[in-house]
Every structure is written in C-alpha cells, then in structure tokens.
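Participant: Protein chains in written order, with the numbering used here: chain A, 1030 to 1255; chain B, 1030 to 1255; chain C, 1030 to 1255; chain D, 1030 to 1255.
For the record, the hints were derived by calculation from the structure and aren't laboratory data.
Among the hints, erroneous ones may be present.
Identical copies go unnamed one by one, so any copy, or any two together, can satisfy a pair.
The calculated lysine-lysine pairs, modelled on DSS-like cross-linking and capped at a C-alpha distance of 27 Å, are [stated by the list, open to error]: (1) LYS1196 <-> LYS1053; (2) LYS1074 <-> LYS1251; (3) LYS1115 <-> LYS1214; (4) LYS1154 <-> LYS1115; (5) LYS1083 <-> LYS1153; (6) LYS1214 <-> LYS1156; (7) LYS1054 <-> LYS1214; (8) LYS1053 <-> LYS1214; (9) LYS1255 <-> LYS1074; (10) LYS1153 <-> LYS1214; (11) LYS1115 <-> LYS1153; (12) LYS1214 <-> LYS1255; (13) LYS1214 <-> LYS1052; (14) LYS1255 <-> LYS1083; (15) LYS1255 <-> LYS1156; (16) LYS1214 <-> LYS1154; (17) LYS1154 <-> LYS1083; (18) LYS1083 <-> LYS1196.
Fair warning: this is a prediction, and the values are worked out from it, not measured in the lab.
Protein chains: 4
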Amino acid sequence: MKTNLAILLLLSLFASGFTMQTKKKIVFFGDSITQQGAGADGYIKKMDSLLTAKNQSANYELIGAGISGNKIYDLYLRMDADVLAKSPDAVVIYIGINDVWHKRTSGTGTDPDRFERFYNAIIKKLKERNIAVYLCTPSVIGEKTDFTNQLDGDLNQYAAMVRNIAKANNCPVIDLRQAFLDHLKTNNPENNDRGVLTTDGVHLNRTGNIFVAQQMYNALSKDFIK
Amino acid sequence: MKTNLAILLLLSLFASGFTMQTKKKIVFFGDSITQQGAGADGYIKKMDSLLTAKNQSANYELIGAGISGNKIYDLYLRMDADVLAKSPDAVVIYIGINDVWHKRTSGTGTDPDRFERFYNAIIKKLKERNIAVYLCTPSVIGEKTDFTNQLDGDLNQYAAMVRNIAKANNCPVIDLRQAFLDHLKTNNPENNDRGVLTTDGVHLNRTGNIFVAQQMYNALSKDFIK
Amino acid sequence: MKTNLAILLLLSLFASGFTMQTKKKIVFFGDSITQQGAGADGYIKKMDSLLTAKNQSANYELIGAGISGNKIYDLYLRMDADVLAKSPDAVVIYIGINDVWHKRTSGTGTDPDRFERFYNAIIKKLKERNIAVYLCTPSVIGEKTDFTNQLDGDLNQYAAMVRNIAKANNCPVIDLRQAFLDHLKTNNPENNDRGVLTTDGVHLNRTGNIFVAQQMYNALSKDFIK
Amino acid sequence: MKTNLAILLLLSLFASGFTMQTKKKIVFFGDSITQQGAGADGYIKKMDSLLTAKNQSANYELIGAGISGNKIYDLYLRMDADVLAKSPDAVVIYIGINDVWHKRTSGTGTDPDRFERFYNAIIKKLKERNIAVYLCTPSVIGEKTDFTNQLDGDLNQYAAMVRNIAKANNCPVIDLRQAFLDHLKTNNPENNDRGVLTTDGVHLNRTGNIFVAQQMYNALSKDFIK
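Generate coordinates for the entire structure from the input sequences, incorporating the hints supplied.
Facilitator: Next comes the structure, spelled out in structure tokens:
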C-alpha cells in the first residue's frame, strides 16, 4: 500500500513537473495598451481564448508586462525584474507610441537613434538567453485614414524603424501599424479619429483587442505556437 | 506745330496713364519661401519669365511680400502695411509651414482653430476691397514620399484646412502640397528627404521655384491672367 | 400740475442722462482668468465691491472681456468687436500665461518678438482712441517660491517684457507677477505649487481673486478712479 | 653585476607595479561638457593641473567619459562599457542639462520620474562595486542671474532632484548650479546670457573649465583625494 502510494505520488509529481516543463511562457512587454491587454477583455485574454479554442491553452502561459506611459528605455530598465526573472520562452514587444506621442504632450519623447539603440539592447539580452522575440510596430495615434492624424509622419517613421530593427536582428515582426491601416481603410469610411479599433485614438476597444490578439496569434502560430 | 506737339504729349501721357491703370498688381504674401521667391531665380522671378514668354509681362506687376519665419497671424498683423497699402488686384497667400514646423522647433506653432480664424480674417479684409485671393496649401517639410517625414500628419491636416477655407470663401486653391506629393512620387525614387524640389526639405531649389511658378501661373491664368 | 410733472420727468431724464455720460467704462481684457473673473466671486466682481465700499460704484462700469485659452494675438484679433465696440475709457490687459504655457502643453505658445509686436499693436490702437491702458504682468504657472516651477524662467522673461512694453508706451503696469511672488514668499511656507492664490497653479481661487482685485484697484485709483 | 642588474630590474618592476596598484582611477561621466572637458583646456585637464600643483598627480588617473547630447538614460545604457569596464575608484556624474534642454529643442527631454529612476539605477550599480560616486547638479542653460533664462524653472527642479538623490544615496554632491549662480551674481553685472563661464550659455569657456575643475577638486579632496 505504502509503496503504491509513494509511486502514485511520484507519478503525480512527475506528471505535474512534466506539465510545468512544457508549459511555455510568453511575456507581453509594453505600455498601457498591454497593461489593459492583461485585463478583462484585453488582447492577452483574447489570445488565451484563441489558444483554448484551438486546444492549445494547456501548453502556454501568457504573462502581461505592460506599464502605462512606458517608452523603449523604460522597458530596458525594468526588463530584468519584469521579463528575465520570469524565464520566458518568448517575448512580444509592443512599444513606441509614447516615444512619439510624448514629444507633443510633454516634450519627453524618444529620439530615433535612442529608440533604435535601446531596442537593440533589449533584443540582445533576450537573444542571449535564447528567448524568441517578436516585435510589434506601434499601431495608431488617431484612426484617420488619410494621414492627417497629427503624429502620423513620426509614427510611420518609428514603425519603419521597428521593421528595420526586426530585420537586422532576424526577428519576426507583427506589423500592427500596417494591419490597423489596412483594416481602417475599409472600416472607417467616415474618417473618424477614434471608435473603430480604439476608444481614444490609441487605447484598444473590444474590437481592437480581438484584432490585436488575432494578429499576434497569426504571427506566433507560424513557428512558436504549435 | 506747337499744337501738334502738345497733342502728342497729351496722347503719350494718356497712353502711359492708361498703361499704369491697366497694369494689375499681384502680391505674393508669405514666409521665407516667398521672401526667397522674390530673389534671383525665385519663383516670383520665374513667374515673371512665364508672363514675358506669353507676352503678358506688361500687364502685370508682381510684388513679393514674404518675410522669413512668418505664420498666419504675422500676415494678419502686417497686411495693412505690406499688402493693402499696395492696392493689389490679386493676392497669392502661401503660408502654413512655420505654423506646423515651429511646434517642433520652438513650441510656437499655431493651433488649428487660430490658423483658420486668422486665415478667414485675412481673406475677409481682402475680399472687402474686391481683391482676388488665391490660397496655396503648404508644400512640404521633408520630401520623403511614404509619409514618414516627421510632420507629415500635421502638415496634411493644415493643407486640408486650407482647402476647406478656400472652399468656404469661394477662393481658388493652388494645391501645392498635392502637386509636390504627385511630383515627388515620380521624381524621388530613393525617398530622399531633400534635394528634389527643395534644398533642405522646405526651401525651394531652382527646380522647385520653377515648379511653384508654373503651378501659380496655371491657377492665375484660369481667370485672373488673360 | 401737468407742467410740473413734465419738468420733473425732464429733470429725471436729464439726471439719468448725466449719470450715463459720466459712468466710465473699464474693460478687463484677457484669458480664462479674466473670463472667470467676471463670474461670481471673480476678481471683477470683487473690484466692484471695492468700488461700492468706497462709494464709487455709480461712476464706473466694469466689463469682462476674457476668453479661455487666449494669447496676445487672440486679443488683437478680437479687440475691435470685444473692446473698441464698447467705447471704454480704460482697458486693463491681463495676458501672457498661455503664451508661455502652451509652448509646453501643445507646442503653440508665442515667440517673444511676436508677444511684443502684438502687444504694442494693441496699445497703439487703444491710445489712438485716448483709452487709458493698464498692463498686468502674467501672474504664475505654479506657486512654488524657489523658482522651481517648470516655466518660471520663461514666465519671468515675459513679465520683464510686459514691464518694458509698459515703460516704452508710458502705460502704468500692474505688476501681478511681482505681487504674487512677494505674497507667496510669506504665505506659502511649504512651497506648494497650488492652493494659496490659485486652485491649480494658474486660475485664481477666492483669495486670489480678492488679491488681484485689490492690486488693480490700487493701480487704477492712482489716477483713473477718483 | 648581473645579479645587481636583475635586482634593479626587479625593484623597478615592483616599484612600477606598486604605482600601478595605487594610482586611483576617477571617471568623469557626462555629456558634451565632459566630452570637451577631456580636451585641451578642458576641466579634466585643469583638474590634472591642480593635482600636479599639489604633487598628487602620480596617484590619480583622470578618465573622460563624456558624449555629446547624452541624457541620464544614455549614461545608464553605456555605463558597463564606458565606466565599469575601466574599474574606477570614483565616478563623477555631471548630467541633466540635455534632459531639460531637449524638451524645448526636440521634444525629447526626460520626465522627472525617469530622471530619478535612471539616476538611482546608475548609483546602485556603482555602489555595488564600492565605487565612490559624486553627483554634480546641472550648471546652467543661460547665464542670466534674474531667473529669466527660459529653462531656469525646470533646471532648478532637476538640480533640486540631484541634491535629493545624492542625499538619499548618501553621496557627496558637487553643487555646480549653486556655485555658478553665486559666481554669476557677482561676475555678470550686465545680466548677459553667455560669456562669463560659458561660450554659448551651456558649454564652458576657459574660465568655466577652471571654475568647474576647482569645484570638483574641492569636493574630491574632502575625502577621496589625499
């Protein structure tokens, strides 16, 4: 009896251990959009639903690591505590909106050369630990489709930089900006600056969270999610 | 003999008087682009050449009234001295670049509502004197063609405002911004930020001055220049 | 009887007419501080109370002409409709805070040279009509007393400009900035950024409205109010 | 003979080795002021002269680590390569001007909370290695003495932050801002914005470099330099 119990315990421990070993961790690293993304109806929850629907939920743990107002160098400063300490298998970086936006609102945006430099430094640290890195282009500041949102020029430039950084580091890019622009071209006939995928031109509404979750799932299921 | 001479003198005076009366004045009202436009190889000189080529030079006097750094409200403040005092028949307004640009460089750009309000006030004063008013959209701050020039979004918005102001006031618009974008799409295959129509992304080079002169001639010859 | 009544009516009309002729108009021309100043408990109301207390209320009509967000050039644009049309005997100008503040919040503050130019143009128009002009220095953006309010340097510069403009135009200056700084030095021992004379660092609380009314009364009673 | 030579060689090697062990390294970590400070007539050279005059030159190695345009987070990003790799005994940090200045010139200054956070992170890394840390307050952006330099308010705030960070981390502060203000009060009677200690309001002239060297020598000779 005692032996059987011991074996049972051992087996269950082994089983749970096995589960723990195979449950892959994906950290979502970003700003307020990602902070909200970890909440109810957020894009991380929506992605979890997509995994559940595909019967993949048991194999992946999705972890939100978004803090409101963050810019690229904020991510760099807190990546040890908030990302590396969690030993993730993959990190999805969704940053850049505040780096552009804060130039206008408080004079504290990020210079393009610093944006690149800190982004590369983050990727280097992740790659050294064999963590898969996915880069998202910054989505929108204003949903108008004719490039008359005040910061469209600068945001296009930072999106282009993210694509180049991804290429140079051989990382997959989740091109949210292009996906948003394509979606809005069709779904924003009245050229509104908010209300289609966002509540305020930046932060995702329900449709926006589902949209982003789907974009991320599409990208990660190409190689990482199986 | 004496009588004949007197009649001849009288006739010549009358003739010159007649010429003076019919020589129509066109004031070009703007910023540094227009200030340079009045210089050698400037767009105002180039337009004079176009008039000469068409044998229309004797009928029109072209007057530069551009001052470096000017924004819409600067034009309003100095319009009595620099425009109305010259009793022009037509005024071509080419303004808006500094209203956008100075937001970034010195924190002293122009709010959209003020831009509209001062523009309308200028047009009102000109129309009250039966002066023909032509509105130019602000051309470019950076010549890149994929809307990644930092201020493209804001500049697109101000160009759209100028089109609306022109429409609301029943004034012809000289859509320099659209003309520049169309020209650059074809003539800037390497997506450079300067060097095609400008020296520095804003101020016109020789080709740019010729290009602007042609755009203005096209617009004015529709009704004003005959 | 009838004749007596007619004489009485005539006399009363004459009397009221006399009063109307001697009631001097003072326009308060400014931004949101002045817009609020015309409301209940506002500084214009407080100044009216001071006049009443001195039995001078019948001789002066105080008129608020403040609009939220106004900068110096906004005053210039609307001065015909909002000031000259009222045929004032005196105008108290209280402007400059947004000219500095909006540099930071929206990139649309006012360059120093434009501030001077538009201010001088306003004064010229008023003086041409023999209107007495009083200039207020911009009070505060933040109430801290050690010059660590973010915009203190720039605001000090604009206050200095107002003093110079007043001197050059031979106008009395109501030096609110200096009066505020002196008052705060004594009454803000904890170096708070708001709550002594303002609600938010800029807009006047009850104490601030009384304080400003007193400053203005002091200045105007030197020569204008008798 | 041979033995004697060997002993002599051994002794000289030992001597030089001894010297190498005792020569303490001081890294000067900062922006363009420090980059220029390492050049001829720069403040680092001037401090070397002070050490020579006191016969202390042999015991200290002064190393410049300034890069033009640097802000606090730039120091953090490059501190491993540019400071820690040099195994310094002391680090003098002279930063903060661009963190304030770039808000105005390019919209890319540093938020106060980030300034503190990155500054603390740098100090933590240095203290963990038992490196002595000296904090300089940011000197000046404009030399006018009546707090009318445009950015005085903000710069005063960042200087106050540096004093607080120094106190909280138990580090000596070299209060350059206060020293500059005191010096200018006496030596800038015409209230010029440049030319006393700087060439352009920010970068040190010859007098400024000597002045800074003296301030630093005074601070370091209290405990570090003996």
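Participant: Please write out, lowest number first, the hints stated earlier that are contradicted by the structure.
Facilitator: Violated: hints 3, 5, 6, 7, 8, 10, 12, 13, 16, 17, 18.
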